[in-house]
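Please work from the sequences and hints to get the whole structure.
Protein chains: 2
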Amino acid sequence: MNYPNGKKTTVKHDKTTSYSRRGMSLENDINVSNENYLKSDIAVIHKKPTPVTIVKVDYPKREAAKISEAYFKVPSTTDYNGIYKGKYIDFEAKECASKTSFPFSSIHPHQIDHLEKVIKHGAIAFIIIRMSIYDEDYLIDANDFIAFYNEKKRKSLSYEWIKNNGHLISRDYLRPCDYLKIVDRIYEL
Amino acid sequence: MNYPNGKKTTVKHDKTTSYSRRGMSLENDINVSNENYLKSDIAVIHKKPTPVTIVKVDYPKREAAKISEAYFKVPSTTDYNGIYKGKYIDFEAKECASKTSFPFSSIHPHQIDHLEKVIKHGAIAFIIIRMSIYDEDYLIDANDFIAFYNEKKRKSLSYEWIKNNGHLISRDYLRPCDYLKIVDRIYEL
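Going down the list, the protein sequences come from chains R and U.
Just so you know, our numbering puts 41 at position 41 of the first sequence, and the rest follows in order with no gaps.
Each position in the second sequence, counted from 1, maps to that position plus 1000 in our numbering.
Some hints here could point you the wrong way.
[Claimed, not checked] With a cut-off of at most 20 Å between alpha-carbon atoms, the simulated EDC-like pairs for lysine to aspartate or glutamate come out as follows:
{"hint": "1", "chain 1": "R", "residue 1": "K56", "chain 2": "U", "residue 2": "E1188"}
{"hint": "2", "chain 1": "R", "residue 1": "K73", "chain 2": "U", "residue 2": "D1079"}
{"hint": "3", "chain 1": "U", "residue 1": "K1085", "chain 2": "R", "residue 2": "E35"}
{"hint": "4", "chain 1": "U", "residue 1": "K1039", "chain 2": "R", "residue 2": "E116"}
{"hint": "5", "chain 1": "U", "residue 1": "K1120", "chain 2": "R", "residue 2": "E116"}
{"hint": "6", "chain 1": "R", "residue 1": "K39", "chain 2": "U", "residue 2": "E1116"}
{"hint": "7", "chain 1": "U", "residue 1": "K1120", "chain 2": "R", "residue 2": "D184"}
{"hint": "8", "chain 1": "R", "residue 1": "K47", "chain 2": "U", "residue 2": "D1113"}
{"hint": "9", "chain 1": "R", "residue 1": "K39", "chain 2": "U", "residue 2": "D1113"}
{"hint": "10", "chain 1": "R", "residue 1": "K73", "chain 2": "U", "residue 2": "D1113"}
{"hint": "11", "chain 1": "U", "residue 1": "K1181", "chain 2": "U", "residue 2": "D1113"}
{"hint": "12", "chain 1": "R", "residue 1": "K117", "chain 2": "U", "residue 2": "D1041"}
{"hint": "13", "chain 1": "U", "residue 1": "K1073", "chain 2": "R", "residue 2": "E27"}
{"hint": "14", "chain 1": "R", "residue 1": "K56", "chain 2": "U", "residue 2": "E1069"}
{"hint": "15", "chain 1": "R", "residue 1": "K66", "chain 2": "U", "residue 2": "E1069"}
{"hint": "16", "chain 1": "R", "residue 1": "K56", "chain 2": "U", "residue 2": "D1058"}
{"hint": "17", "chain 1": "U", "residue 1": "K1048", "chain 2": "R", "residue 2": "E35"}
Note that these hints are calculated values from the structure, not bench results.
Predicted model only: the values in this text are computed from it and were never measured.
Now the structure itself:
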């Protein structure tokens, strides 16, 4: 499920449906990894539900309540949070279909504010970017991301910058996006 | 907004609409308090969006995407989490319209599992119960709640138990449910 602004934020690509398919895929890989972390008693990290404004609900007799009118809301926080080794973890995950760069417009300013705030209170915060064309997932510490973002010199992160400053996330069958391995290393947990 | 199971879990009361009005009110008081904590740079704690399964979305031209069919999902986590003084905070909040007791059926077993898991990983976890008739809000440490729940001797917490084991939450205009004051005291933060 994409937010309506998912459409705005996607970089140009030949197939119009590809963003949403790939969007599901990183989300799915993170969800599968989170389920494995949960089952293995390693961490409790969940994706937050998609925020919607509910306008109309029907209550048919003997059936489940049906929401018949609702709209997507702009998220005021990131999509994922939870606890790992006693630490509060907070992150956003984004697919990127471009060969050359990840546009800052993919992340809502509210989400960047939120990351700044949780860092101030002691969180481990980061962004996961999937560079779909290269089939690579990178973890970028939110401090590094925000520092570059706040310079306001560029409107995107180049692929070079991502490779140099991000951390390539490994995957396996049980954890198709094994980001906690990187968290252990870079935050020395 | 109530989950459909909110209806099942409400204790009997003369006005059928009262649960949802009061439900909004504790939620609203916590949201207002959380906004104040956020503005005052004290904590970053948010209510998670209501989980829904989206079945059908219409994309009218020049208008916002409209969700035309969706259903409430059973929540797999609690409603609130965030970070305070470097600690991961996790809690559920419930209104109770009964004079005598808070029924365990008000809290979904998944949510109790979730509280047990986050405690194991080092969270500060609790339940806020509003005893509407007495106009009192209590914070109950999740360990105390779960220990009593797991004894399985009773199907509810008596008002006496809540008064003896819970911590009465104070309120003021800016923080109509100032639960972090209790958190400071009982978790010695």
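Hint check results:
no.: 1; hint: R:K56 - U:E1188; result: violated, 44 Å
no.: 2; hint: R:K73 - U:D1079; result: holds, 18 Å
no.: 3; hint: U:K1085 - R:E35; result: violated, 28 Å
no.: 4; hint: U:K1039 - R:E116; result: holds, 13 Å
no.: 5; hint: U:K1120 - R:E116; result: violated, 27 Å
no.: 6; hint: R:K39 - U:E1116; result: holds, 13 Å
no.: 7; hint: U:K1120 - R:D184; result: holds, 19 Å
no.: 8; hint: R:K47 - U:D1113; result: holds, 17 Å
no.: 9; hint: R:K39 - U:D1113; result: holds, 12 Å
no.: 10; hint: R:K73 - U:D1113; result: violated, 29 Å
no.: 11; hint: U:K1181 - U:D1113; result: violated, 26 Å
no.: 12; hint: R:K117 - U:D1041; result: holds, 8 Å
no.: 13; hint: U:K1073 - R:E27; result: holds, 19 Å
no.: 14; hint: R:K56 - U:E1069; result: holds, 10 Å
no.: 15; hint: R:K66 - U:E1069; result: holds, 7 Å
no.: 16; hint: R:K56 - U:D1058; result: holds, 15 Å
no.: 17; hint: U:K1048 - R:E35; result: holds, 19 Å
Consistency note: the structure conflicts with the earlier hints numbered 1, 3, 5, 10, 11.
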